[in-house]
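Q: Can you build the whole structure from these sequences, using the hints too?
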Amino acid sequence: MDEQSFPKSYNPSEYEPKIAHQWEERGFFKPENGRNTSGKKFSIPMPPPNVTGRLHIGHALTAAIEDILTRFHRLRGDETVWVPGTDHAGIATQAVVERMLLKQGKRRHEMGKEAFLKEVWKWKEEHGSTISNQHRRLGASCDWSRERFTLDEPYQKAVQAAFLHLKRKKRIFRGEYMVNWCPKDRTALSDDEVEYKKTTSKFYYLKYGPVVIATARPETKFLDKTIVVHPKDPRYKKLIGKTFKVPWLNGTVNARVIADTASSMETGTGAMTLTPAHSFVDFELAQKYDLPVVQIIDERGLLTKHAGEFAGQKAHAAREAIVEKLAKLGLVEKIDESYEHNLSVCYRCGTPIEPLVSKQWFVDLPALVKDTDIIRAIEKDEIRFIPARFKKVALHWLKNIRPWCISRQLWWGHPIPGDKSGDVLDTWFSSSLWPFAIVGWPNHSSDYEKFYPMSVLETGYDILFFWVLRMLVMGKVLTGQFPFNTVYLHGLVRDREGRKMSKSLGNVVDPLEVIERFGTDALRLSLVAGTAPGADMRYSETKLVGYRNFANKIWNISRFLHQSITAHDLAHAPHSSHHLPKEFAPYIKEYNELLAKVTRNLEEYRFSSAAEQLYEFIWHTFADKVLEDSKPYLKDNGHSQATQEAVSIFLLMSWKELLILLHPFMPFVTEAVYDRLRALFNAKPDEFLIIETWPTKQEVHNHLLR
RNA sequence: GGGCGGUUAGCUCAGCGGUAGAGCGCUUGAUUCACAUUCAAGAAGUCACUGGUUCGAAUCCAGUACCGCCCACCA
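Numbering (the numbering used here), first residue to last: 431 to 1136.
In case anyone wonders, no lab produced these hints; they're calculated from the structure.
What you are looking at is a predicted structure, and each value in this text was computed from that prediction instead of being measured.
Just so you know, even glycine gets a beta-carbon here, dropped at the ideal spot from N, CA and C.
Mixed in with the good hints, there may be bad ones.
Derived DSSO-like pairs (lysine-lysine); straight-line CA-CA distance at most 30 Å [stated by the list, open to error]:
id	residue 1	residue 2
1	LYS850	LYS552
2	LYS850	LYS789
3	LYS764	LYS667
4	LYS1061	LYS1019
5	LYS438	LYS850
6	LYS1114	LYS460
7	LYS829	LYS600
8	LYS533	LYS614
9	LYS800	LYS597
So the derived label-pair ranges between C-beta atoms look like this [claimed, not checked]:
id	residue 1	residue 2	range
10	HIS826	LYS672	39 to 45 Å
11	HIS746	LEU532	19 to 25 Å
12	ALA962	THR1073	42 to 48 Å
13	ASP1054	SER439	15 to 21 Å
14	GLU1042	SER439	22 to 28 Å
A: Structure (structure tokens):
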């Protein structure tokens, strides 16, 4: 046998890069070059990864699903485009570059903004192509000629236009409010960028004049002078409205007792003092009662002059010293050592959040939610979520939304139009414009006219709030249309023990290493098969081995056909069809059922079912039964040439169709064997599987059935 | 505190109203003839628990128990 031209086993890395290159070079990913026979369009935006990052296994899952959709629609003759790109990722990128520079002994603030940004751009130019090339390796058939970056020039214009439009409509405003502040990144954050970490800490019960108050943060309490109790609390009723001289941290303060239902009778001692500048609830009450808001902790997390002898110290670090002073003053009643609460931390760096009052820009999301009527649209399923349970999650977020703080005290990002502070916009503000900005908005370009709104938005459920819902709102308000009406949310890929992958745990899997060992197709199938939409999955090498073997099976089925069948012309099929032995008839029926099932499952986003059905049929029906049954006819043992020919043609036609069906899932091995069987398939040099035609009902086999 | 998901064969998971499924593992056997990254045959589960609806329930409803996630909350 010709071992050299058709080796016994499939070695993915020998073919994959070459095939990926050919596809792209020939322009198969561009909608302009498609068959475009169906009269339909299919467009999908790629969730832009951080420009300076590396792909992780989650990106591989995203790419796999989106590529399956893209290839499926392309094969069906839809005018198909998958638009790729990268995100400048403000905080993350700035932090990476800052760390890199620090190793060289350079500090951002010493360098100055201009020099620093130059370094970031340099870094971006050096690393920006990594992501794209990794996507190519994953077989992503996105249109690279349309690749976008959230800080490229047209995108900047889109961001400016969006900002100005919303500002004109009074849906963006500026004001001094309590915001979440990360003292390490030294920037404001939105509510969604705060995470909660279950923590056990000390809970201090402090004597404050006529009451005892409980707090976890005594270091914020220097200027407290308002006691709040519940109006119906019998313990404190008689105190309401009275004033007291209270011995406190920096001498005696005049404290007043007010009543408000915001104070709960059950929590702590039922009495609390207000710290207007460093607590969301207290700030609101301070506004309600027109109380002064004085900053105790500054933007660097240091105590201000109001802390007296503690001024200049790190607030958190000074806590024990402050408590010691309180104790000396005889003001500490008791300390509960096992107080469990949720500490709010920065989602990027894990630093405890410091709530403080700051002048920032906000998007009036509550108003936009009303303007766009998005709640009704989701309730009526005009926007559909897969899986459906995310509908409820989305509605809950939209119904409880607060204004979105969009200004960031960073250097790397979109400048805020007309703002002289030098602040930039939240990365998520720019990415909320993604599905229309990447097709040319605010211009009504041909891509915008043709591909907007997009067909579907696919991403991980972890950025439903950050990205998906904000895109929906922004799209509707800026373009008049929701940017997509189907949202497919996939789950997280965890490690083999079910833990979340993270750098600190050291359990991050590099998809490129997996590809080296098992091949891209095996990786893709292992992420898609045996999973449920929106459900987390575990990284499994067992699965990878299994699907690597499957790719080898595909290879060897092709190898068998290559060896067993000589030149037959598919065009002659109809003439020999009635010679096909009857025993193959059930397989044709089964195949037709498979075709219907796979097509429907892909239409309905059931990738796992489609993949498993193909796996099952190709391996255990086509290879194990059909090929085995065909062997006697292919050998020279008394069957007529017409019969042999009919069997051969049946096998070839079946195989070609199965390759097309499998192609969205395993693009490389299918294209590789298609190439190997070019002569048998009577395919011209410029014909590739990627642009073949998705089989329709029984087209190939009906004339073989009599 | 509110919401959601999971609990199915030794392991990892599909299925979600009609006689329990897959992959891996395990047992037995085969093999110069496409593939040992193979083939054939097989063992293996009161589908977490309790009640209910139904002719019929892993599948629907109510509840319980564990595991996990999201949201709210640093009084």
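Q: Would you mind marking each hint as holding or not holding in the structure?
A: Results of checking the hints against the structure:
1. LYS850 with LYS552: holds, 25 Å
2. LYS850 with LYS789: holds, 13 Å
3. LYS764 with LYS667: holds, 24 Å
4. LYS1061 with LYS1019: With a Cα-Cα distance of about 20 Å, the restraint between LYS1061 and LYS1019 holds, given a limit of 30 Å.
5. LYS438 with LYS850: violated, 67 Å
6. LYS1114 with LYS460: holds, 20 Å
7. LYS829 with LYS600: holds, 20 Å
8. LYS533 with LYS614: holds, 18 Å
9. LYS800 with LYS597: holds, 17 Å
10. HIS826 with LYS672: 39 to 45 Å: With Cβ atoms ~42 Å apart, the hint holds.
11. HIS746 with LEU532: 19 to 25 Å: Since HIS746 and LEU532 have Cβ atoms about 22 Å apart, the given range 19 to 25 Å holds.
12. ALA962 with THR1073: 42 to 48 Å: holds, 45 Å
13. ASP1054 with SER439: 15 to 21 Å: holds, 19 Å
14. GLU1042 with SER439: 22 to 28 Å: Check passed, 24 Å falls within 22 to 28 Å.
Checked against the numbered hints given earlier, this structure breaks only hint 5.
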